[in-house]
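The primary structure of each chain is shown beneath.
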Amino acid sequence: NAGVTQTPKFQVLKTGQSMTLQCAQDMNHEYMSWYRQDPGMGLRLIHYSVGAGITDQGEVPNGYNVSRSTTEDFPLRLLSAAPSQTSVYFCASSYGASGYEQYFGPGTRLTVT
Amino acid sequence: ILNVEQSPQSLHVQEGDSTNFTCSFPSSNFYALHWYRWETAKSPEALFVMTLNGDEKKKGRISATLNTKEGYSYLYIKGSQPEDSATYLCAPYPDSGGGADGLTFGKGTHLIIQP
Numbered sequence: 001n002a003g004v005t006q007t008p009k010f011q012v013l014k015t016g017q018s019m020t021l022q023c024a025q026d027m028n029h030e031y032m033s034w035y036r037q038d039p040g041m042g043l044r045l046i047h048y049s050v051g052a053g054i055t056d057q058g059e060v061p062n063g064y065n066v067s068r069s070t071t072e073d074f075p076l077r078l079l080s081a082a083p084s085q086t087s088v089y090f091c092a093s094s095y096g097a098s099g100y101e102q103y104f105g106p107g108t109r110l111t112v113t
Numbered sequence: 001i002l003n004v005e006q007s008p009q010s011l012h013v014q015e016g017d018s019t020n021f022t023c024s025f026p027s028s029n030f031y032a033l034h035w036y037r038w039e040t041a042k043s044p045e046a047l048f049v050m051t052l053n054g055d056e057k058k059k060g061r062i063s064a065t066l067n068t069k070e071g072y073s074y075l076y077i078k079g080s081q082p083e084d085s086a087t088y089l090c091a092p093y094p095d096s097g098g099g100a101d102g103l104t105f106g107k108g109t110h111l112i113i114q115p
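Heads up: the protein sequence lines correspond to chains P and U, in order.
Numbering (the numbering used here) for the first sequence: 1 to 113.
Numbering (the numbering used here) for the second sequence: 1 to 115.
These are computed hints drawn from the structure, not numbers from a lab.
Certain hints may be false.
[As the list claims (entries may be wrong)] Ranges of calculated distance between the beta carbons of each label pair, as one might list FRET restraints:
1) P:Asn1 <-> U:Arg61: 26 to 34 Å
2) U:Glu39 <-> P:Asn65: 28 to 36 Å
3) P:Arg77 <-> U:Gln114: 42 to 50 Å
[Claimed, not checked] Straight-line distance between alpha carbons at most 27 Å, and here's what the computed DSSO-like set of lysine-lysine pairs gives:
4) U:Lys107 <-> P:Lys9
5) U:Lys69 <-> U:Lys58
6) U:Lys69 <-> U:Lys42
7) U:Lys42 <-> U:Lys59
8) U:Lys42 <-> P:Lys9
9) U:Lys59 <-> U:Lys78
For clarity, every value in this text was computed on a predicted model and none was experimentally measured.
Note that CB positions come from ideal geometry on N, CA and C, so glycine has one too.
With these hints in hand, go ahead and build the complete structure from the sequences.
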């Protein structure tokens with residue numbers, strides 16, 4: 001099993017550009033989520049999904065869109081990148097929402113200039 | 001947004017010493033408490049998921065206790081080793097009444113083990 005994979009590992013964008021961060025898992029997990037990590041702020045939840053076709057907002061959803069068309073994939077879209085979105089992004093998955101440990105991907109380091 | 005406090009923010013411990021740190025969270029609407037270990041340049045890895053008041057879990061030299069009535073959990077490391085150097089994160093998961101929600105992570109305790 002590859003576990004949770006994320007692409008790309010690094011990305012530089014210019015303000016206003018859009019892009020999609022990819023996340024995939026091969027563990028047949030129903031629950032998937034996106035976090036961003038900023039210095040002094042810890043991990044903050046952006047969006048999450050409890051299964052294919054179902055998504056919801058987390059703590060910091062503004063500027064991001066998600067969809068879940070398959071169990072395996074949970075892409076995160078930046079609609080119009082802003083310097084405030086410079087961060088490290090982690091995708092995670094788990095068997096269920098609450099009582100199950102989350103497995104994290106390796107992260108994507110995004111810089112918006 | 002849940003208020004999750006971890007203390008101390010950072011901790012320097014001599015190799016071989018034991019240590020512990022705290023996670024405080026709202027005691028109302030509690031469902032589960034997660035602990036993760038996060039090494040530099042890596043991804044967070046799960047240590048424990050705890051749900052019952054009084055629960056105690058152990059993995060090697062690391063153990064955790066849970067008090068849901070007063071809203072805190074302790075993480076203990078016995079006989080610290082250099083490889084224990086990491087940031088330790090806790091994250092409560094609230095009882096959302098049959099719905100679903102996400103984890104709210106604390107800012108972590110950054111542990112440095114000095115040889």
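Going through the hints against the structure:
no.: 1; hint: P:Asn1 <-> U:Arg61: 26 to 34 Å; in the structure: 28 Å, holds
no.: 2; hint: U:Glu39 <-> P:Asn65: 28 to 36 Å; in the structure: 31 Å, holds
no.: 3; hint: P:Arg77 <-> U:Gln114: 42 to 50 Å; in the structure: 44 Å, holds
no.: 4; hint: U:Lys107 <-> P:Lys9; in the structure: 23 Å, holds
no.: 5; hint: U:Lys69 <-> U:Lys58; in the structure: 21 Å, holds
no.: 6; hint: U:Lys69 <-> U:Lys42; in the structure: 34 Å, violated
no.: 7; hint: U:Lys42 <-> U:Lys59; in the structure: 20 Å, holds
no.: 8; hint: U:Lys42 <-> P:Lys9; in the structure: 12 Å, holds
no.: 9; hint: U:Lys59 <-> U:Lys78; in the structure: 11 Å, holds
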